[in-house]
Amino acid sequence: MSNPRHTPNEDKQSLVQDEEPAPATGNADVFVDSTALVNDGRIIRIFSVLQSSSPKLTKAWLWVLATAAFCGWTVSFAYAVFISPSPVWRFYDFSPRITVAVVNFASHLAVYLAGCMIQATFDAVCWAVISGGRGAPLRTFLVTKQDAGLESVASLLWTYGGHQLWGILRLALMVGGWVIGLPLLSGISYRDVFYPSQTVPVVGGIAPLRVSVEALEKASYGGQQPTFQEASINTMLISSTNSILTDPKFVVSVAPISPDCRGADCKSLFLPGGLELVLRADGTSLFDGNQPDDPVIIVHDAPGYQIEFSPQNYTFKTDVDCQIYGLPISALYACVAGRNDTVFSGFAICPFDLMSNGACQSDVSWTEHLQASVAMNIYQRTSTVAYDRANFSILGIESLGTATVASDEESVADLQKLFLIMYPQLTTILQDIETALVEFNSGQAWSDLAYLASVYCLQAEITAAELFLNNSYPSWVNGQRDILEGVLTIPIQFGTLLLQEIDKSILLNDLTTTASFAHVSFRVRSEPWTIVMFTCVVSGLVISSILCLLYAHWAARLKPAREISPTIRTAFENGDPFEAPPASTWQLLSNLFCCSQRKYSSALQSTRCEQDTYVVARKVTDELLIAVDREQDKQESDSIVTVNEKRALGPSAG
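Read in this note's numbering, the sequence shown has 142 at position 142, and its numbers run on one by one without any break.
Hints in this document: simulated from the structure, not taken from any laboratory. Using N, Cα and C, we set each Cβ at its ideal position, and we do this for glycine too. Misleading hints may appear alongside valid ones.
[Said to hold, decoys possible] Below, a list of computed lysine-lysine pairs in the DSSO-like style, where the Cα atoms sit at most 27 Å apart:
no., residue 1, residue 2
1, Lys317, Lys249
2, Lys267, Lys249
3, Lys417, Lys267
4, Lys317, Lys417
5, Lys249, Lys504
6, Lys619, Lys504
7, Lys59, Lys504
[Stated by the list, open to error] Label pairs and their computed distance ranges (CB to CB):
no., residue 1, residue 2, range
8, Ile83, Thr512, 56 to 64 Å
9, Ala66, Asp282, 52 to 60 Å
10, Leu182, Arg569, 48 to 56 Å
11, Asp503, Thr404, 18 to 26 Å
12, Asn357, Thr512, 52 to 60 Å
13, Gly396, Gly358, 32 to 40 Å
14, Gln164, Asp341, 39 to 47 Å
15, Asp353, Ile397, 41 to 49 Å
16, Gln198, Asp341, 37 to 45 Å
17, Gly540, Glu276, 48 to 56 Å
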């Protein structure tokens, strides 16, 4: 039972004093934080005093309009700075720190506006539910009252009745108002955003592995293209060791696809092709002097390869899968096998003492144990990649297409050809040179001699890397495996470069795509779902408030009856006698965060009575409404009618 409140203006209440409401006979035993008018010892309970419902409806509509307008602007701002692919409007072009601060402030303000909108909406609804002649249960009135806090509303839900629907709706809207600001700052990241200015048709990406290996094979054996040997030599030399796996011009790390590629020993790399492979659609250079000055070039939907390296314990069939490649003074023992969609490979390099004695082919004891082995999964997929125009390095992958398995039996044959090209038998090259001399083809002879030199240089490069690894970096645990992975990556990355020199027409038909020149800006980015969730929650709150206010307008057609009690009319002649004193600073701060000033206790139903108390709205002045007990109001009305009838009859009534 709550204590009575005292009236601040004593001169207003000659007929008014605050006392605890007593149980009314025949009604529910209800205790609420309400005011009581006392006249001749009889208590007239007034459950609430409020201004007319019309200003409350207007105020609620204004809050709905303000909330919808501000949250609409917040959505447009967040989309422009967080998601939109278009350049940011110059009035929104803040630094990432200020952008986050603005969105953070906007989300807090949205929470405040939503809370005020919900309070104002239910402030209007609470009078709508009791405006009819029948009124409404007291619990329904209390659960919709603005002053009812979260605890009071929740406690009222434990009693059965129609008020539970209003309580659930109000709690849902209150919770929605509290959480609307959370999604906007969820999952934000900071990264470069690219804004394209001009798009041109180009040829870009990596050609299929089968075509690349054929190009590498054709280039290595001279034939029609003796002048190409320099490119072949340089390409092989710069790419045969671990450097290709760490070069930002060619490789970027991505999430693995294969379920077998997990943990620290897994290496998942994507090769988009590189900017040096990009040509205009007619086969000419992309940099012809007519291109824009933008510092970034974005190649769209170009084919590339994802390669995943992981440890393996595969047992090779040495007579089928393995072979010695190379010369007596430099040789490589390589094994390649395939199972399902995985390629297994291992290698060993001829030791330096055997190379010095020219015994790499005669003494094969060094082939008994592989120095490194690896399982490789190859996937082909398209990508949109941004490159730095100045140094050709990869700035970022904008998108990756669906992966298609590209490691099969043909891949095993391609890798075997690769080893044969890099480490051919000496007799094969000598026979080519002899044939060229017999035919007096000096150009072909010089080409074959250049190929012999390039093979030796390449083998020396790998051997030197292995010696350098063992002598200078003995703690480099995965060094030999890294060399093997680099060797396996050669035909995938550089076969297309060789193909450009041999037969460019193949690329012009198969690798056609587009590229954009763009400028870059470092910005805050977020996922679209954050704004979608914010928009959905705000829309739900606004639509629910609008429906509640439409219901209030519909109920407002039933005008509250004018109060006929002389006691109440006299008490309200000079305004509201129960007007609360000015709010303290703490109360103002509480209201700022949509906390109620007053805490109403729940309505308790007596076990002796099956029917809840009903309250109705009564109009006491042009501006003021009150909520009173319907049964008590009826008794008061009947007593006044009886007195008036007696006065009308006069003395004859006796």
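Hints versus structure:
The hinted pair formed by Lys317 and Lys249 fails the criterion: a straight-line CA distance of about 37 Å is larger than 27 Å. With a C-alpha separation of about 18 Å, the suggested pair Lys267 and Lys249 falls inside the 27 Å cut-off, and the hint holds. Of the pairs offered as hints, the one joining Lys417 and Lys267 holds, with about 24 Å between alpha carbons and a cut-off of 27 Å not exceeded. This hinted pair checks out: Lys317 and Lys417 have alpha carbons roughly 18 Å apart, not beyond 27 Å.
Of the supplied pair hints, the one linking Lys249 and Lys504 holds, its CA atoms being roughly 22 Å apart against a limit of 27 Å. Under the criterion of a C-alpha separation no larger than 27 Å, the hint pairing Lys619 with Lys504 is inconsistent with the structure, at around 91 Å. A distance of roughly 73 Å separates the Cα atoms of Lys59 and Lys504; the hinted pair therefore is violated under the 27 Å criterion. Restraint check, Ile83 to Thr512: a C-beta distance of roughly 30 Å breaks the suggested window 56 to 64 Å.
Range check, Ala66 to Asp282: Cβ separation about 59 Å, and the 52 to 60 Å hint holds. Restraint check, Leu182 to Arg569: a C-beta distance of roughly 50 Å satisfies the suggested window 48 to 56 Å. Hint check: Asp503 to Thr404, Cβ distance near 24 Å, so the stated range 18 to 26 Å holds. For the hinted restraint 52 to 60 Å between Asn357 and Thr512, the CB-CB distance of approximately 54 Å keeps it satisfied.
For Gly396 and Gly358, the hinted distance range of 32 to 40 Å is not satisfied, since their beta carbons lie about 50 Å from each other. Hint check: Gln164 to Asp341, Cβ distance near 59 Å, so the stated range 39 to 47 Å is violated. Take Asp353 and Ile397: their Cβ atoms lie about 46 Å apart, and the range 41 to 49 Å holds. Against the hinted window of 37 to 45 Å, the Cβ-Cβ separation of Gln198 and Asp341 comes to about 40 Å, which satisfies the hint.
In this structure, Gly540 and Glu276 meet the distance hint of 48 to 56 Å, their C-beta atoms being roughly 53 Å apart.
Violated hints for the displayed structure, listed by number in ascending order: 1, 6, 7, 8, 13 and 14.
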